[in-house]
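Engineer: Chains as they are written, first to last, in our numbering: chain G, 1 to 115; chain R, 1001 to 1113.
Hints listed in this document are in silico derivations from the structure and should not be mistaken for laboratory results. The structure presented is a predicted model; accordingly, all values stated were derived computationally and were not measured. The C-beta atom is built at its ideal place from N, Cα and C for all residues, glycine as well. You can trust all of the hints, since none of them are fake.
Computed cross-link-like contacts, DSSO-like style, restricted to lysine-lysine with a CA-CA straight-line distance of at most 27 Å:
{"#": "1", "chain 1": "G", "residue 1": "LYS57", "chain 2": "G", "residue 2": "LYS14"}
{"#": "2", "chain 1": "R", "residue 1": "LYS1042", "chain 2": "G", "residue 2": "LYS11"}
{"#": "3", "chain 1": "R", "residue 1": "LYS1042", "chain 2": "G", "residue 2": "LYS78"}
{"#": "4", "chain 1": "R", "residue 1": "LYS1071", "chain 2": "R", "residue 2": "LYS1058"}
{"#": "5", "chain 1": "R", "residue 1": "LYS1042", "chain 2": "G", "residue 2": "LYS57"}
{"#": "6", "chain 1": "R", "residue 1": "LYS1071", "chain 2": "R", "residue 2": "LYS1022"}
{"#": "7", "chain 1": "R", "residue 1": "LYS1057", "chain 2": "R", "residue 2": "LYS1042"}
{"#": "8", "chain 1": "R", "residue 1": "LYS1042", "chain 2": "R", "residue 2": "LYS1058"}
{"#": "9", "chain 1": "G", "residue 1": "LYS78", "chain 2": "G", "residue 2": "LYS57"}
{"#": "10", "chain 1": "R", "residue 1": "LYS1042", "chain 2": "R", "residue 2": "LYS1110"}
{"#": "11", "chain 1": "G", "residue 1": "LYS14", "chain 2": "R", "residue 2": "LYS1042"}
{"#": "12", "chain 1": "R", "residue 1": "LYS1022", "chain 2": "R", "residue 2": "LYS1058"}
Simulated DEER-style distance windows between Cβ atoms:
{"#": "13", "chain 1": "G", "residue 1": "SER7", "chain 2": "R", "residue 2": "THR1010", "range": "28 to 34 Å"}
{"#": "14", "chain 1": "R", "residue 1": "GLN1060", "chain 2": "G", "residue 2": "GLY16", "range": "47 to 53 Å"}
{"#": "15", "chain 1": "R", "residue 1": "GLU1083", "chain 2": "G", "residue 2": "GLN41", "range": "19 to 25 Å"}
{"#": "16", "chain 1": "G", "residue 1": "ARG64", "chain 2": "R", "residue 2": "PRO1008", "range": "32 to 38 Å"}
{"#": "17", "chain 1": "G", "residue 1": "VAL12", "chain 2": "R", "residue 2": "ILE1062", "range": "36 to 42 Å"}
{"#": "18", "chain 1": "R", "residue 1": "THR1095", "chain 2": "G", "residue 2": "PRO70", "range": "25 to 31 Å"}
{"#": "19", "chain 1": "G", "residue 1": "SER7", "chain 2": "R", "residue 2": "ALA1070", "range": "41 to 47 Å"}
{"#": "20", "chain 1": "R", "residue 1": "SER1026", "chain 2": "G", "residue 2": "SER62", "range": "23 to 29 Å"}
Computed list of chain G residues with no C-beta within reach of chain R, every gap over 10 Å:
{"#": "21", "residue": "VAL19"}
{"#": "22", "residue": "LEU21"}
{"#": "23", "residue": "ILE26"}
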Amino acid sequence: GAGVSQSPRYKVAKRGQDVALRCDPISGHVSLFWYQQALGQGPEFLTYFQNEAQLDKSGLPSDRFFAERPEGSVSTLKIQRTQQEDSAVYLCASSLDYRPNSPLHFGNGTRLTVT
Amino acid sequence: GENVEQHPSTLSVQEGDSAVIKCTYSDSASNYFPWYKQELGKRPQLIIDIRSNVGEKKDQRIAVTLNKTAKHFSLHITETQPEDSAVYFCASPSTGGGNKLTFGTGTQLKVEL
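So here's chain G without its partners, still in its complex pose (with noise of 0.2 Å):
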C-alpha cells in the first residue's frame, strides 16, 4: 500500500514568509509525527497527534510553527514569518496505534530552505 506522503518535495521561501507543509499517514494510522532533520543530524522531535488531538508539542521550537491535523489523518504543519534557521528537512512520520513501541513509518520530508 501506499507509504507516508509529503508534499511539497522542496519549498524555498524568503525570510518572513509564511509556508505550509503536507503529510499524508498511511490509512488507518492512528499516530502521526512532525520531525526536524537538521544536515547531518539525526531527526528531532517537533509534535505528536493521536488521532485529530495534539498530545504533544514540546518539540515545537517558537510560536512561529503550528500544526494541525482536524479531521485525523492529513497533517499541515504552518510556519510563520520563517527565517533562516528554519531551514532544514521535516519529516512526517505515522505510527499504527499510540502504543510506545508501533515502528514509525516516515516519509521522505519537505526540504524547506530560507533565504
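Starting from the structure of chain G, add chain R where the hints point.
Structural biologist: Chain R only, in chain G's frame:
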C-alpha cells in the same frame, strides 16, 4: 530528557567485512530500541528493533544487541555490501512517556569495494 549518544560518526569498511555501531542511552526505563537506515535524500527506514525483554535479535545480516545494565545497544552488520552504505540512526523512547523517539546523531557507513 532522554540522551542518546551514537558512535562512530563515520565508519568505512571493506566489502565483506563487519560493521558495528554503538549507542548509549540515559533513561533506564527505556524499553524499545529501533535502528533506522537513511540513504541520501531519502526517508529513514526501520531496519530492525529490539525490546528490552531480549538481549539480541537477528535478521539475516543484521543483528542488534542490548545491554540494559550498561544502557547501551549496538547494530551489527555482517558481510557488508555496497548497498549498505547509508547513514544509520539509533533511537530510544523520549523521557516522559508517549511514543516519540530521541534519535542519535547518526553514523555514515561507507562500504568500499
